[in-house]
Amino acid sequence: MMAAPHRAAPLTSRGGRRAALAGRRAWLPIAIPAATLFIAFWLLPMAKLAGLGAATPQGMESSAYWLVVTQPRYWHSLANTVALSLGATLATLAIALPVSRFLARHPHFPGRRALMALLLFPLAFPGVVVGFLVILTTGRQGVLNTLSRALTGEPTVLAYGMAGLFIGYLYFLLPRTIGVLMAAVEGIDKQWLEAAQTLGARPWRRFIDIELPALSSALTAAGAMCFATAMGAFGTVFTLGTRIDVLPITIYDEFTHYANIPVAAALSVVLGLATWAVLYAANAFAGRAAHGR
Amino acid sequence: MNIATPARSMASGTTGAPRHPSTAKTPTATALAIRLTRCAKTWPDGTRALEPLDLEVQAGETLALLGPSGCGKTTLLRMICGLEQADDGSRIDFGDTDVTRVAPEARGVGVVFQGYALFPNMSVAGNVGYGLKIRGVDAATRRRRVSEMLALVELEALAERRIDQLSGGQRQRVALARAIAIEPRVLLLDEPLTALDARLRQQLRVDLAALLRRLGITCVIVTHDQEEAMMLGDRVAVMSAGRLEQLGTPETLYRQPASPFVADFLGTLCRLQGEAVRHHHGVDTLTFRPHEVRLDAPGSGLEARIEARFFLGSHVRFELRLDDGQRCTALATASAGWQPGERVGISLIPTPPAQETLPC
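Protein sequences appear in the order of chains A and B.
Per the numbering used here, the very first residue in the first sequence carries number 1; after that it's consecutive.
Per the numbering used here, the very first residue in the second sequence carries number 294; after that it's consecutive.
There could be a bad hint or two in this list.
[As the list claims (entries may be wrong)] Among the chain B residues that face chain A by a calculated CB cut under 10 Å, a handful are:
hint : residue
1    : R371
2    : L376
3    : R471
4    : A474
5    : I475
6    : L489
7    : L493
8    : R494
Simulated from the structure, these hints should not be mistaken for laboratory data.
Cβ atoms here follow ideal geometry from the backbone N, Cα and C, with glycine treated the same way.
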């Protein structure tokens, strides 16, 4: 009680006020370049892109936006992209969670370093290399096809369809996700699990009641990262040369083959909005689930 | 058993003389004895955490495991609740049941962890009711039990709070309520008050002692604080380097320590020896507690010079130095006026022998 006036004094004094003002001004030298960069490299190009989409492509009667939302071709492309990205994200989380848990809980076992290195190896690969890996495993000359023909006489080729794309996406999503989730699992207080155990909770129950809620923010963040990465994935799809259209490929085609810049711009904006909308919905859902318990 | 009824322990008589008549405790119907037989623990790297040890905690008794960090007391506690598997050949019985190989989730043991380990994703009520939810207790009964438990630890008003909105002392009480909500047969507390500041610890120690007596549950408390062990434990087991040094009532341990380690760990012990000691007291070594020293004007017996004087409110602490360089400590009443540099005569106040008052 004696300390209160002493502690309050410097804040109301002139020196204190000057210090507070200086504190507020201190971030200006950092804020100005940051704001300049943001405006120059984000806001202006984005505004330009959005503006381009409003233009009318040559030989058309309506704006590119109108075309993009009315023509089934684009709709299919969008639906493919969202479905593939969602599926790949969920599969990645489902595979990465047990793997991360195992790795985090077993800090010492023979070959752990080697396994970690192998798991994280594809991190640096460009999409082209990932596409090539998919062809090597499940393409016409791939391991899977050779095995399948030897065993059943029937060919099995996955690389150039939806399954091939899916496998390719897992290649580049898994290493990122395992890294994030491992850190999150390591951050769980072991005593929470022990407390639940002494209260009678069996392993599955402890996982549902204690671990999953503790991991929910990491899972949401990793899921969002996976989804956004998958939505924009280009190299892998391009290499596989599938007949399935995903938005990044459609944008590329419009831009380079047809020089239809307004539609390419409009599709880019739609890709961004769709990604944002799905992530927003997922966040809201996760938030409600967390509050519901 | 109905934990919320405080009067139970008053009703029936006790066998043996209770330490404090007003806080006499009898085992409730479900209190179980814990018997450890040749319990040992060796870590995978070969280091021995616990030498083979026999220990019996009587039904309804509160036993304090006291020792410095790394002495194996927490390992012993974790073996009792099953979170640590004892070495082969060890045996743990709860009453007549061998629980050595029973999983922690099936032992029915309430545990208060050192950091409390409250679930951050649940409210206070959610934490306290979790064990009941696991047991499939219906929502209405659960609500009633939770409010009973919260009333017991005086936290009714905070039922819907999040854990991060609680103070340290409140968290400690929530952890306790959560542990006893499942009506455990055995209650284990790992350093329950260590995380709190000194003043709060004093208060909660008194509260916890009263609550444990009320519950009449078999209880084991791990602590490194001798005062906490002496206040909360009906008996205290002093441990050192994976071994049980001595087991007895606080009075026995203090007055008749079985080893120098026990004597040192339970408060200050002074040792004086040499020609002067032999001449005045007729013994080779004189051991005593600081409060057993009486200071007089020099001349009659053993003499010393006052090196330092510390005024501590209720008493004064003197650091003394004999002519041959030996040092000891003396506690005197606050009115003692000796100053540093003065010479005093040392004599010992005779103390009665320890009362062996095992509860139950």
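Against the structure, the hints:
1. With a cut of 10 Å, the hint placing R371 of chain B at the interface with chain A holds, because the nearest CB-to-CB distance is about 9 Å.
2. For the restraint placing L376 of chain B at the interface with chain A, the shortest Cβ-Cβ distance is roughly 5 Å, inside the 10 Å limit, so the hint holds.
3. About 7 Å separates the beta-carbon of R471 of chain B from the nearest beta-carbon of chain A, less than 10 Å, and the hint is met.
4. At about 9 Å, the closest approach between the beta carbon of A474 of chain B and any beta carbon in chain A falls short of 10 Å, and the interface hint on this residue holds.
5. For the restraint placing I475 of chain B at the interface with chain A, the shortest Cβ-Cβ distance is roughly 6 Å, inside the 10 Å limit, so the hint holds.
6. Below 10 Å, beta-carbon pairs count as interface contacts, and L489 of chain B has none with chain A, the closest being about 17 Å; its hint is therefore violated.
7. Annotation: interface hint on L493 of chain B violated; nearest CB of chain A at approximately 18 Å, more than 10 Å.
8. Hint status for R494 of chain B relative to chain A: violated, with the closest Cβ pair at about 20 Å, above 10 Å.
Comparing the model with each numbered hint stated earlier shows that hints 6, 7 and 8 do not hold.
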